[in-house]
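Trainee: These are the residues of each chain, in order.
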Amino acid sequence: MPKIKVHEKALAHLSRGLYRSPASALRELVSNGWDANATEVTVDCNYPHFFQISVQDNGDGFVKEDFARIMSGGIGNSEKRSEPHTLKYGRAIIGRLGIGMLGIAQICGSFTVISRPRKGEGFRARVHLYDLLKEKLDVDSSDIVKATEIDVGEYKFETFEADTVQYGTTILADDVHPTFTRSFQQSVKYEGFEEPHLDWSENLAIIAKYHSLQELGDYWRLLWELAASTPVPYIDETAIPRAAIKEEQARLLSAKFKLAVDGISLNKPIYLKHNPAGYTVVKVGPFKSQVYGNELAFEGYVAVQEGSQLRPDELRGIMIRIKGIGIGYYDPSLLDYRYNQGPRSRWVTGEIFVSKGLENALNVDRDSFNRFHPEFRVLQEHVHSLLRNEVFPKVYKNIEVRSKARAETRALSRTEALQETIADITEKNVRIGESEQNDSAAELDVTAISKGKEIRVFQPPIDLVPTKKSNRQLAAAILSIYEVACLQQEKDSQREMFTTLLMKLLKRW
Amino acid sequence: MPESNFPFDECLLKHFVRYKGWLPSCKRRLKAIQSDPKKARRLRYFTFCAVGAVDVLMLDVANVIRRSASDRFDTVVFFDKSEELVLETKKRIPGAIGFTGDFTDVVLLEDPNEELVVDSADPLSPPADSQDKRATRQRQATLGMRQAYIQEFPFDIINLDLQDFLFRPKDPMPGKIVNALRRILEWQKRTRKIDGKGKIMEVDEFCLMFTTQVGPPVLGEDYREMLISSLDRNIARDTSLGDVLYSRTGHRDGQSLYNSDFAQFFKVSVPKALLAVLLEEDWYADPKDGLKLFEFDRDFKGGTYKMLHFVLTVKRQNPKKTNRSPGVVPAEAIDAYAEMAKAVFTNDAIVVSDETIAPLKAELEKNFTEIKARRKKYYPFA
Numbered sequence: 001m002p003k004i005k006v007h008e009k010a011l012a013h014l015s016r017g018l019y020r021s022p023a024s025a026l027r028e029l030v031s032n033g034w035d036a037n038a039t040e041v042t043v044d045c046n047y048p049h050f051f052q053i054s055v056q057d058n059g060d061g062f063v064k065e066d067f068a069r070i071m072s073g074g075i076g077n078s079e080k081r082s083e084p085h086t087l088k089y090g091r092a093i094i095g096r097l098g099i100g101m102l103g104i105a106q107i108c109g110s111f112t113v114i115s116r117p118r119k120g121e122g123f124r125a126r127v128h129l130y131d132l133l134k135e136k137l138d139v140d141s142s143d144i145v146k147a148t149e150i151d152v153g154e155y156k157f158e159t160f161e162a163d164t165v166q167y168g169t170t171i172l173a174d175d176v177h178p179t180f181t182r183s184f185q186q187s188v189k190y191e192g193f194e195e196p197h198l199d200w201s202e203n204l205a206i207i208a209k210y211h212s213l214q215e216l217g218d219y220w221r222l223l224w225e226l227a228a229s230t231p232v233p234y235i236d237e238t239a240i241p242r243a244a245i246k247e248e249q250a251r252l253l254s255a256k257f258k259l260a261v262d263g264i265s266l267n268k269p270i271y272l273k274h275n276p277a278g279y280t281v282v283k284v285g286p287f288k289s290q291v292y293g294n295e296l297a298f299e300g301y302v303a304v305q306e307g308s309q310l311r312p313d314e315l316r317g318i319m320i321r322i323k324g325i326g327i328g329y330y331d332p333s334l335l336d337y338r339y340n341q342g343p344r345s346r347w348v349t350g351e352i353f354v355s356k357g358l359e360n361a362l363n364v365d366r367d368s369f370n371r372f373h374p375e376f377r378v379l380q381e382h383v384h385s386l387l388r389n390e391v392f393p394k395v396y397k398n399i400e401v402r403s404k405a406r407a408e409t410r411a412l413s414r415t416e417a418l419q420e421t422i423a424d425i426t427e428k429n430v431r432i433g434e435s436e437q438n439d440s441a442a443e444l445d446v447t448a449i450s451k452g453k454e455i456r457v458f459q460p461p462i463d464l465v466p467t468k469k470s471n472r473q474l475a476a477a478i479l480s481i482y483e484v485a486c487l488q489q490e491k492d493s494q495r496e497m498f499t500t501l502l503m504k505l506l507k508r509w
Numbered sequence: 510m511p512e513s514n515f516p517f518d519e520c521l522l523k524h525f526v527r528y529k530g531w532l533p534s535c536k537r538r539l540k541a542i543q544s545d546p547k548k549a550r551r552l553r554y555f556t557f558c559a560v561g562a563v564d565v566l567m568l569d570v571a572n573v574i575r576r577s578a579s580d581r582f583d584t585v586v587f588f589d590k591s592e593e594l595v596l597e598t599k600k601r602i603p604g605a606i607g608f609t610g611d612f613t614d615v616v617l618l619e620d621p622n623e624e625l626v627v628d629s630a631d632p633l634s635p636p637a638d639s640q641d642k643r644a645t646r647q648r649q650a651t652l653g654m655r656q657a658y659i660q661e662f663p664f665d666i667i668n669l670d671l672q673d674f675l676f677r678p679k680d681p682m683p684g685k686i687v688n689a690l691r692r693i694l695e696w697q698k699r700t701r702k703i704d705g706k707g708k709i710m711e712v713d714e715f716c717l718m719f720t721t722q723v724g725p726p727v728l729g730e731d732y733r734e735m736l737i738s739s740l741d742r743n744i745a746r747d748t749s750l751g752d753v754l755y756s757r758t759g760h761r762d763g764q765s766l767y768n769s770d771f772a773q774f775f776k777v778s779v780p781k782a783l784l785a786v787l788l789e790e791d792w793y794a795d796p797k798d799g800l801k802l803f804e805f806d807r808d809f810k811g812g813t814y815k816m817l818h819f820v821l822t823v824k825r826q827n828p829k830k831t832n833r834s835p836g837v838v839p840a841e842a843i844d845a846y847a848e849m850a851k852a853v854f855t856n857d858a859i860v861v862s863d864e865t866i867a868p869l870k871a872e873l874e875k876n877f878t879e880i881k882a883r884r885k886k887y888y889p890f891a
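Line by line, the protein sequences give chains A and B. The numbering of the first sequence is the numbering used here, which starts it at 1 and goes up by one. The numbering of the second sequence is the numbering used here, which starts it at 510 and goes up by one.
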């Protein structure tokens with residue numbers, strides 16, 4: 001049977017248009033640092049001017065031969081290095097060395113790679129990617145499209161002085177596209193821009209003031225997205241209530257991985273604290289299953305910030321992490337949850353930590369999933385079932401409790417308002433009590449009695465006031481002040497007293 | 510980590526210059542800008558600090574440079590030759606603003622519409638008539654970086670701690686560095702919004718620190734003639750200067766001094782040339798603080814060479830050039846120039862040597878230790 005093949009042009013196209021944001025491209029380089037056992041990855045964006053970008057790690061580095069192999073055909077190959085490579089600190093391999101390195105092509109046209117491995121020969125190489133590649137591919141330009149290969153650029157090795165270079169790998173992108181530079185410059189120049197603090201926890205407080213990262217601009221978004229998607233720890237294990245991330249945090253800490261961007265040491269951008277109505281947290285899993293013979297295992301949590309919208313909006317939804325790496329960002333559709341929860345869906349955040357499976361469901365950008373992949377569907381159904389049967393029922397129950405408590409507080413404060421209004425005008429002590437009204441009485445039993453320096457007002461039980469629920473207390477209060485006004489002898493005085501009491505009452509209501 | 514060849518971090522002679530020359534001047538400048546509480550602000554510093562950022566950290570230790578509310582050295586601007594060096598430096602002084610490239614090339618980049626470019630045009634916006642190719646992008650980036658650099662002006666301290674010759678033989682007169690200095694003096698007249706609160710700063714006085722290597726041993730003919738005739742003109746205008754020069758060097762004119770003692774000739778003629786450039790660019794050196802001149806011999810792979818460090822306070826001429834009749838220089842600036850020129854003839858440089866620094870050695874070492882501790886605080890992996 002004839003074979004069906006993929007043309008190399010498709011791969012060449014991918015080398016220039018794989019990621020939807022600069023953070024996604026940088027995330028791949030950060031992942032390479034993780035895979036190289038780096039304990040620290042430093043990203044420098046040349047803030048606030050953004051003319052260069054560099055990603056530097058203190059990991060194992062890789063040898064000249066590996067670099068040459070990747071450049072001459074290994075791009076996109078998930079095989080990482082020629083030498084067997086063992087990850088330390090309990091880490092699992094997450095990146096793709098070749099494609100990750102070319103991911104930066106979306107931001108720049110040329111870059112330098114410097115690597116000093118602990119074993120083997122290091123190197124310094126200058127990589128130039130061809131200009132106008134996509135345009136040339138579309139017309140099959142003969143200088144780049146050959147029989148079976150597509151050249152996307154060229155590289156040359158430069159003088160490498162191992163002694164002057166730290167162990168690990170550095171990628172320096174200097175030919176950063178002016179559009180990137182300009183966009184980021186603009187994002188830090190606009191009026192009202194808040195400069196990120198070097199202490200990440202201070203930044204979370206700044207971010208929490210905004211509805212959306214859009215208001216903070218591209219640079220803040222870059223920081224936030226890197227913090228959200230890379231395997232950095234949470235600020236602490238209480239970042240999510242009910243110890244929901246305690247184990248995950250322990251895993252992240254044991255991986256000994258730090259990421260700093262422009263001097264800011266990043267942590268996960270979530271810290272659920274101080275919500276007056278509290279949080280409802282439901283644990284997901286641990287879940288294990290076989291899907292078409294493949295193992296799928298995950299756990300996680302869904303957290304609801306009761307009665308209050310999450311800030312920024314980008315925290316809303318469910319984020320899926322495979323081996324610690326965020327796939328895309330928080331999905332506000334809750335993985336296409338079909339039940340409309342109105343404003344309550346803006347209270348929900350969650351993370352699913354996938355330890356086995358789901359990689360085959362990844363789209364090529366590694367930022368999204370094939371939503372009809374069987375493994376994804378299994379995860380989706382589990383999460384939806386949890387939302388439907390546990391999370392939202394709890395949320396509605398809590399809403400009811402809060403509503404009742406709020407109504408009681410409101411009723412109390414309105415009774416006080418009535419009491420104070422009458423006391424202020426009449427200059428007497430006021431007591432408000434309940435009359436002995438029964439259900440069958442034709443008229444409402446509201447009375448006011450003046451005794452010495454005290455006025456006693458009796459109102460019927462509030463549920464018996466025959467008007468709509470939201471107006472009952474007001475109606476009873478107006479009838480009460482009418483009765484108080486009627487204690488005056490003269491009609492004119494009664495009218496005057498009633499008007500004064502009414503105006504004062506409404507002011508306080 | 511890429512390193513420069515000279516161990517700046519360890520040289521106590523160089524640190525003596527920082528500690529006794531730069532630091533007091535920077536402190537004085539800070540005091541001046543803090544003296545009016547309404548205008549008080551943080552000090553803005555431009556430097557070629559190199560990876561170790563010793564000067565910046567010394568000023569940080571002395572609380573002369575203060576970090577922003579977000580903990581950044583955002584009033585420190587520096588230049589270095591490569592991205593790697595800029596990157597390494599920024600790790601040690603987080604939040605400082607680094608520019609990459611050959612400083613004089615960037616400053617002197619031909620740009621016929623400079624005023625337009627700096628204040629309104631955006632070199633990074635997509636050009637309508639060029640394709641998205643490397644050459645186009647590089648031109649955009651270079652212009653953009655230059656624009657960003659110009660927009661960082663003015664500074665309270667400009668520390669041109671260059672390791673190079675002031676007069677490079679192949680440069681046409683008056684030389685790249687002098688031309689770059691002229692541009693800088695022009696950009697120093699810019700105003701700038703500070704602290705994001707709409708406060709505007711303008712500088713009418715700043716501290717200029719300038720470093721050059723003595724040499725090259727054989728100056729180009731143009732430069733030699735320029736410096737000799739400049740010296741001789743001064744002596745002709747004020748004959749007492751000839752006597753001063755004679756008592757200091759044993760020579761009465763520029764040519765014979767040049768022929769017999771090049772280093773002395775250089776130490777007198779170069780500061781004078783610097784004073785003249787300031788005067789031409791609507792500034793002048795303030796005689797109140799005088800001119801501090803340090804020299805020391807630096808051992809290097811190829812032998813020994815002599816470094817000169819100048820420290821002076823520069824003031825804007827009043828009224829400004831734009832508010833004066835053409836060709837008129839305020840009397841105050843002319844008098845100051847004459848006074849400073851005389852000081853150049855009279856005062857010899859402070860020779861920094863092991864003997865000079867001996868009484869201060871412990872203090873310098875202590876300061877070094879504090880600087881290193883501060884560096885470690887910002888960059889534990891240093």
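Note that these hints are calculated values from the structure, not bench results. Ideal Cβ positions, reconstructed from N, Cα and C, are used throughout, including at glycine. Treat the hints with caution; some may be incorrect.
As the list claims (entries may be wrong) - One side of the interface only, derived from the structure: several residues of chain A facing chain B at Cβ under 7 Å:
#, residue
1, ASP44
2, LEU129
3, ASP131
4, ASP174
5, PHE180
6, GLU195
7, HIS197
8, LYS273
9, ALA277
10, HIS373
What the hints assert, rightly or not - Heads up, simulated SDA-like pairs for lysine to any residue below, C-alpha to C-alpha not over 20 Å straight-line:
#, chain 1, residue 1, chain 2, residue 2
11, A, LYS258, B, LYS886
12, B, LYS702, A, GLU191
13, B, LYS886, A, ALA125
14, A, LYS189, B, LYS885
15, B, LYS590, A, HIS197
16, B, LYS702, A, SER187
17, A, LYS258, B, TYR888
18, A, LYS189, B, LYS886
19, A, LYS209, B, ALA578
20, B, LYS885, A, GLU161
21, B, LYS590, A, ASP175
22, B, LYS590, A, ALA125
23, B, LYS702, A, PHE193
24, A, LYS189, B, ALA644
25, B, LYS886, A, ASP262
26, B, LYS885, A, VAL165
27, A, LYS209, B, SER579
28, B, LYS590, A, PHE193
29, B, LYS885, A, SER265
30, B, LYS702, A, LYS209
31, A, LYS256, B, ALA644
32, A, LYS189, B, LYS824
33, B, LYS885, A, ASP262
34, B, LYS824, B, MET710
35, B, LYS702, A, GLU161
36, B, LYS708, A, ALA260
37, B, LYS702, A, VAL188
38, B, LYS708, A, PHE193
39, B, LYS810, A, ASP175
40, A, LYS189, B, ILE659
Trainee: Below or equal to 20 Å on CA atoms is what counts here, so check A:LYS189 against B:ALA644.
Mentor: violated (27 Å)
Trainee: Check the hint pairing B:LYS885 with A:GLU161 against an upper bound of 20 Å on the C-alpha distance.
Mentor: violated (25 Å)
Trainee: Checking one constraint from the list: CA of B:LYS702 to CA of A:GLU191, max 20 Å. Satisfied?
Mentor: holds (12 Å)
Trainee: Measure nothing beyond the straight line between the CA atoms of A:LYS189 and B:LYS824; if it is 20 Å or shorter, mark the hint as holding.
Mentor: violated (31 Å)
Trainee: Would the pair A:LYS209 and B:SER579 pass a check requiring their Cα atoms to be no farther apart than 20 Å?
Mentor: holds (17 Å)
Trainee: With chain B as the partner, please determine if A:HIS197 meets the hint condition of a C-beta pair closer than 7 Å.
Mentor: At about 4 Å, which falls below the 7 Å cut-off, the nearest Cβ of chain B leaves the hint on A:HIS197 intact, so it holds.
Trainee: Any CB of chain B closer than 7 Å to the CB of A:ASP131?
Mentor: holds (4 Å)
Trainee: Under 7 Å is the threshold here; is the Cβ of A:ASP44 close enough to any Cβ of chain B for the hint to stand?
Mentor: A:ASP44 check passes; min Cβ-Cβ to chain B is 5 Å, inside 7 Å.
Trainee: Between the alpha carbons of A:LYS258 and B:TYR888, is the straight-line distance 20 Å or under?
Mentor: holds (14 Å)
Trainee: Please work out if B:LYS590 and A:ASP175 have their alpha carbons no farther apart than 20 Å.
Mentor: holds (16 Å)
Trainee: Check whether the Cα positions of B:LYS824 and B:MET710 lie no farther apart than 20 Å.
Mentor: Within the cut-off at roughly 15 Å; holds.
Trainee: For the restraint on A:HIS373, tell me whether the closest CB of chain B is nearer than 7 Å.
Mentor: violated (36 Å)
In this structure, the earlier hints numbered 2, 5, 8, 9, 10, 13, 14, 15, 18, 20, 24, 28, 30, 31, 32, 35, 36, 39 are contradicted, and the remaining ones agree with it.
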